[in-house]
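Those protein sequence lines, which keep their order, are chains A and B.
Under this note's numbering, think of the first position of the first sequence as 42, with each following residue one higher.
Under this note's numbering, think of the first position of the second sequence as 42, with each following residue one higher.
Calculated directly from the structure, the hints in this document are not laboratory data.
Each hint should be verified, as a subset may be incorrect.
Any copy, or any two copies together, can satisfy a pair, since identical chains are not distinguished.
[Unchecked claim] Below, computed lysine-lysine pairings styled on DSBU-like, alpha-carbon distance capped at 35 Å:
(1) K264 with K381
(2) K201 with K366
(3) K391 with K366
(4) K264 with K391
(5) K381 with K366
(6) K405 with K384
(7) K381 with K405
(8) K201 with K381
(9) K405 with K201
(10) K366 with K264
(11) K366 with K405
(12) K405 with K391
(13) K264 with K405
(14) K384 with K201
2 protein chains.
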Amino acid sequence: MSTPSAESEIRVPSNPEADAAFLADFTTMSAFGATAAGGVERQAATDEDIANRRWLAEWLIDRGFTVAYDRVGNMFGLYEFAPGRPYVLAGSHMDSQPRGGKYDGAYGVLAAAHSLDRLRRYYDTHPEAVVNNIAVVNWFNEEGSRFKPSMQGSGVFTGKISLTVALETEDSAGVTVFEALSAANMLGEHDVFDSGEHVNDDDLLPIASYAEMHIEQGRELDKAGMIMGIVDSTWGANKYELSVLGHQAHTGATAIADRQDALYGAAQVVVGLRELADSYGDDLHTSCGQLTVIPNSPVVVAREVEMHMDLRSPDDAILEEADAKLNRLFAEIEVRADVKIEKRFAHTWKGHTYTPEGVSLSTKVIEDLGVSHMHVRTRAGHDSTNMKDIVPTVMLFIPSVDGVSHAENEFTHDDDMIVGVDVLTETLARMVEGAL
Amino acid sequence: MSTPSAESEIRVPSNPEADAAFLADFTTMSAFGATAAGGVERQAATDEDIANRRWLAEWLIDRGFTVAYDRVGNMFGLYEFAPGRPYVLAGSHMDSQPRGGKYDGAYGVLAAAHSLDRLRRYYDTHPEAVVNNIAVVNWFNEEGSRFKPSMQGSGVFTGKISLTVALETEDSAGVTVFEALSAANMLGEHDVFDSGEHVNDDDLLPIASYAEMHIEQGRELDKAGMIMGIVDSTWGANKYELSVLGHQAHTGATAIADRQDALYGAAQVVVGLRELADSYGDDLHTSCGQLTVIPNSPVVVAREVEMHMDLRSPDDAILEEADAKLNRLFAEIEVRADVKIEKRFAHTWKGHTYTPEGVSLSTKVIEDLGVSHMHVRTRAGHDSTNMKDIVPTVMLFIPSVDGVSHAENEFTHDDDMIVGVDVLTETLARMVEGAL
Numbered sequence: 042m043s044t045p046s047a048e049s050e051i052r053v054p055s056n057p058e059a060d061a062a063f064l065a066d067f068t069t070m071s072a073f074g075a076t077a078a079g080g081v082e083r084q085a086a087t088d089e090d091i092a093n094r095r096w097l098a099e100w101l102i103d104r105g106f107t108v109a110y111d112r113v114g115n116m117f118g119l120y121e122f123a124p125g126r127p128y129v130l131a132g133s134h135m136d137s138q139p140r141g142g143k144y145d146g147a148y149g150v151l152a153a154a155h156s157l158d159r160l161r162r163y164y165d166t167h168p169e170a171v172v173n174n175i176a177v178v179n180w181f182n183e184e185g186s187r188f189k190p191s192m193q194g195s196g197v198f199t200g201k202i203s204l205t206v207a208l209e210t211e212d213s214a215g216v217t218v219f220e221a222l223s224a225a226n227m228l229g230e231h232d233v234f235d236s237g238e239h240v241n242d243d244d245l246l247p248i249a250s251y252a253e254m255h256i257e258q259g260r261e262l263d264k265a266g267m268i269m270g271i272v273d274s275t276w277g278a279n280k281y282e283l284s285v286l287g288h289q290a291h292t293g294a295t296a297i298a299d300r301q302d303a304l305y306g307a308a309q310v311v312v313g314l315r316e317l318a319d320s321y322g323d324d325l326h327t328s329c330g331q332l333t334v335i336p337n338s339p340v341v342v343a344r345e346v347e348m349h350m351d352l353r354s355p356d357d358a359i360l361e362e363a364d365a366k367l368n369r370l371f372a373e374i375e376v377r378a379d380v381k382i383e384k385r386f387a388h389t390w391k392g393h394t395y396t397p398e399g400v401s402l403s404t405k406v407i408e409d410l411g412v413s414h415m416h417v418r419t420r421a422g423h424d425s426t427n428m429k430d431i432v433p434t435v436m437l438f439i440p441s442v443d444g445v446s447h448a449e450n451e452f453t454h455d456d457d458m459i460v461g462v463d464v465l466t467e468t469l470a471r472m473v474e475g476a477l
Numbered sequence: 042m043s044t045p046s047a048e049s050e051i052r053v054p055s056n057p058e059a060d061a062a063f064l065a066d067f068t069t070m071s072a073f074g075a076t077a078a079g080g081v082e083r084q085a086a087t088d089e090d091i092a093n094r095r096w097l098a099e100w101l102i103d104r105g106f107t108v109a110y111d112r113v114g115n116m117f118g119l120y121e122f123a124p125g126r127p128y129v130l131a132g133s134h135m136d137s138q139p140r141g142g143k144y145d146g147a148y149g150v151l152a153a154a155h156s157l158d159r160l161r162r163y164y165d166t167h168p169e170a171v172v173n174n175i176a177v178v179n180w181f182n183e184e185g186s187r188f189k190p191s192m193q194g195s196g197v198f199t200g201k202i203s204l205t206v207a208l209e210t211e212d213s214a215g216v217t218v219f220e221a222l223s224a225a226n227m228l229g230e231h232d233v234f235d236s237g238e239h240v241n242d243d244d245l246l247p248i249a250s251y252a253e254m255h256i257e258q259g260r261e262l263d264k265a266g267m268i269m270g271i272v273d274s275t276w277g278a279n280k281y282e283l284s285v286l287g288h289q290a291h292t293g294a295t296a297i298a299d300r301q302d303a304l305y306g307a308a309q310v311v312v313g314l315r316e317l318a319d320s321y322g323d324d325l326h327t328s329c330g331q332l333t334v335i336p337n338s339p340v341v342v343a344r345e346v347e348m349h350m351d352l353r354s355p356d357d358a359i360l361e362e363a364d365a366k367l368n369r370l371f372a373e374i375e376v377r378a379d380v381k382i383e384k385r386f387a388h389t390w391k392g393h394t395y396t397p398e399g400v401s402l403s404t405k406v407i408e409d410l411g412v413s414h415m416h417v418r419t420r421a422g423h424d425s426t427n428m429k430d431i432v433p434t435v436m437l438f439i440p441s442v443d444g445v446s447h448a449e450n451e452f453t454h455d456d457d458m459i460v461g462v463d464v465l466t467e468t469l470a471r472m473v474e475g476a477l
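Please put together the full structure from these sequences, using the hints given.
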């Protein structure tokens with residue numbers, strides 16, 4: 042274990058060569074699935090995602106890491122300083138939304154890879170300080186656009202999603218997660234880490250802690266002019282699947298009074314959902330991003346609409362109250378539009394605090410490095426939202442200009458990315474030496 | 042020309058054998074693309090539609106008709122009593138909506154085929170009464186679900202839609218009308234009839250008149266307990282394509298105030314459209330049956346929504362006024378949802394009366410046959426909506442139980458179908474003898 046005084050020394054200071062190498066690699070990686078408008082389209086286990094993963098695997102192997110995949114396609118780059126010691130994991134996800142941004146997730150994986158590679162070189166010559174081994178992680182399918190739900194790889198890893206259910210999940214063309222990952226040869230026969238789901242399996246590696254760096258995907262840091270956000274808590278979320286059931290009819294010939302128009306019902310849900318958010322100010326976010334009309338013909342009154350919607354709040358009591366209000370709203374819409382609304386919980390998580398010792402550790406590192414910082418709460422889910430429930434976890438943000446995310450014009454300054462890598466490197470160094 | 046007294050004699054009276062043959066053929070035809078719930082799915086130029094067309098072609102050839110296709114795949118069964126005489130056309134369409142009903146269109150084609158086959162046998166032995174030749178017609182793509190717009194085959198035939206544009210129309214998989222019809226060998230190199238679009242082409246056949254029988258797709262006849270509806274006018278329609286343009290963003294992380302949510306804008310359009318209809322009582326129908334969200338991911342605020350919508354009214358002035366109100370509504374929504382709305386006319390037709398002589402002729406026939414009847418206005422578009430603008434036209438309805446249409450539970454009683462065939466047969470007989 043390191044002494045308190047030693048923790049204030051910077052182990053692996055920034056250097057221009059390392060910074061240039063990081064930016065060059067980020068440019069290389071952003072070419073996988075690059076879109077004309079400057080974003081990326083690299084949905085989980087598509088050709089673009091697989092090519093990017095292959096590139097990362099080579100990068101890791103070239104630097105002495107061992108690459109392994111678990112049974113849901115999470116990808117690990119392992120480096121062992123001392124046999125039998127637990128592992129510090131660091132990473133994020135490389136998959137993207139359709140026409141998404143190039144920073145979301147991908148930045149965090151590359152930052153972890155560069156940070157841990159710098160630590161590899163440092164601790165190979167300072168073995169006396171080492172307490173834990175290290176592993177880069179690229180979580181499978183964080184985005185949940187091709188295969189639902191989001192945070193699937195870390196969800197299975199942390200026991201929140203069934204492995205079998207995840208592998209059988211189909212995309213819109215009927216391809217399963219199992220098929221897509223098997224075809225790429227990126228599905229392990231065994232797991233790699235003991236995440237608490239396994240009993241007495243000596244082959245599985247123990248985990249010490251987890252760290253993740255991500256762009257903020259909001260405008261708090263950008264507005265405040267701060268570089269580092271230390272995530273101290275998450276918003277809770279309720280995600281729902283809705284079916285609005287009406288009756289198919291001719292748009293021209295059917296009198297308005299006779300219609301059971303599923304799309305009219307669904308439209309009232311979308312409008313009511315926004316009004317619900319407006320009634321809570323900034324304490325509730327509501328969204329509907331996916332809505333599919335059946336049969337979706339110009340001259341047919343829709344018989345069914347399938348929707349995904351979510352409620353997010355920093356306050357679990359508000360989520361509960363809003364859920365009850367939704368039920369009343371749906372009952373009103375059922376009468377007004379003469380439709381049936383079926384509501385199912387798709388995925389839900391309570392608001393939670395992040396590991397307080399992780400917040401303290403990263404705050405100390407950021408202060409030692411003299412970087413501007415503030416505490417933030419994350420509205421979006423991240424793989425760390427899952428990981429913090431099983432191991433001590435650090436979650437850090439760098440700014441997104443104008444808060445743009447899940448869009449091709451998502452943008453973060455190179456300088457901020459570089460500072461983020463330095464902060465992550467130093468935080469991970471202290472985690473390797475036994476902090477957390 | 043026939044004398045008035047002769048017009049009151051029934052040429053080809055109903056007989057049990059003909060009725061049974063009709064119902065048997067209707068059952069056979071309804072098997073093409075039959076769905077488990079009792080409907081059909083036979084969208085234009087799909088395998089099911091093509092198989093049904095092949096069946097009809099054989100049926101016609103077996104009875105001495107000549108089968109021909111024009112340059113947009115309209116299908117004709119020609120029978121010539123006397124060279125050089127114009128043709129009486131009768132028919133409808135055999136394509137269906139996705140999971141549509143088995144009566145819509147298909148009944149009218151089969152009724153025309155049986156009626157004209159009965160007339161063929163009658164006039165082959167009564168040549169002295171013949172003024173016109175006869176042709177069954179099965180219009181291509183009346184429904185407009187696979188290839189837009191609706192009434193495409195009759196639209197090209199009557200010069201309202203460009204042949205080139207129609208042939209280049211793509212379905213959602215990128216297959217064109219030209220490709221789909223060519224693959225089935227159902228695209229003629231030349232046209233068959235002179236519909237007024239051609240100048241001095243001696244090979245094209247002249248047209249005398251047109252008759253169409255269809256289910257009502259509304260509940261006027263069913264409510265009134267009448268068997269025959271004599272269509273005296275159409276509702277006008279404005280069909281629009283809309284693009285609602287927002288900005289893609291993360292549903293979790295993006296503050297509500299920062300969103301430019303295309304789906305929120307589109308939902309307000311759908312709700313506003315219904316409110317517009319409600320404000321006019323029965324004088325205005327509004328519908329949105331097709332709405333496509335881009336990118337349609339659960340955690341992404343939609344950047345774009347593509348919609349098809351229509352306004353229909355018996356009163357052209359109301360259509361014009363409603364169009365102006367829509368423009369104001371869209372301007373309000375653009376502000377409220379921070380989106381852009383682009384509105385394009387996709388297709389439009391004015392309210393029009395049907396040929397008054399056609400109304401008189403069919404009324405006289407129905408009275409001679411002693412069948413209950415009333416005048417009706419059609420809200421739906423039909424191929425006759427196009428045909429009535431170029432030749433004298435008769436349009437007749439039989440009841441739809443509960444007004445159901447464009448749905449698998451569309452239903453018309455066998456007895457009503459039989460009466461419809463008798464009325465059509467007698468109406469066409471008088472048209473063959475020169476009425477209209």
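Results of checking the hints against the structure:
With identical chains, the CA atoms of K264 and K381 are at most 35 Å apart between copies only, with a shortest distance of 26 Å across copies and 44 Å within one. For the identical chains of this complex, K201 and K366 are intra-copy neighbours only, at 27 Å inside a copy versus 51 Å across copies, given an alpha-carbon limit of 35 Å. In the homo-oligomer, the alpha carbons of K391 and K366 lie at most 35 Å apart inside one protomer (18 Å), although the nearest pairing across protomers, at 45 Å, exceeds that limit. For the identical chains of this complex, K264 and K391 are intra-copy neighbours only, at 27 Å inside a copy versus 55 Å across copies, given an alpha-carbon limit of 35 Å.
Taking identical chains as interchangeable, the C-alpha atoms of K381 and K366 lie at most 35 Å apart whether they share a chain (17 Å) or sit on different chains (30 Å). For a Cα distance limit of 35 Å, the shortest separation of K405 from K384 qualifies neither inside one copy, at 45 Å, nor across copies, at 56 Å. In this assembly of identical chains, the alpha carbons of K381 and K405 never lie at most 35 Å apart, being 54 Å within a copy and 47 Å across copies at closest. Taking the shortest Cα distances, K201 and K381 sit within 35 Å of each other inside one copy (31 Å), while across copies they are farther apart (41 Å).
Taking CA atoms no more than 35 Å apart as the test, K405 paired with K201 passes inside one copy only; the shortest distance there is 32 Å, against 75 Å between copies. Taking the shortest alpha-carbon separations for K366 and K264, only the intra-copy value of 33 Å comes in at or below 35 Å, while the best inter-copy value is 40 Å. In this homomeric assembly, K366 and K405 never come within 35 Å of each other (Cα to Cα): the closest approach is 43 Å inside a single copy and 61 Å across copies. Taking CA atoms no more than 35 Å apart as the test, K405 paired with K391 passes inside one copy only; the shortest distance there is 28 Å, against 74 Å between copies.
For the identical chains of this complex, K264 and K405 are intra-copy neighbours only, at 23 Å inside a copy versus 80 Å across copies, given an alpha-carbon limit of 35 Å. Taking identical chains as interchangeable, the C-alpha atoms of K384 and K201 lie at most 35 Å apart only when both belong to the same chain, with a minimum of 21 Å there against 46 Å between chains.
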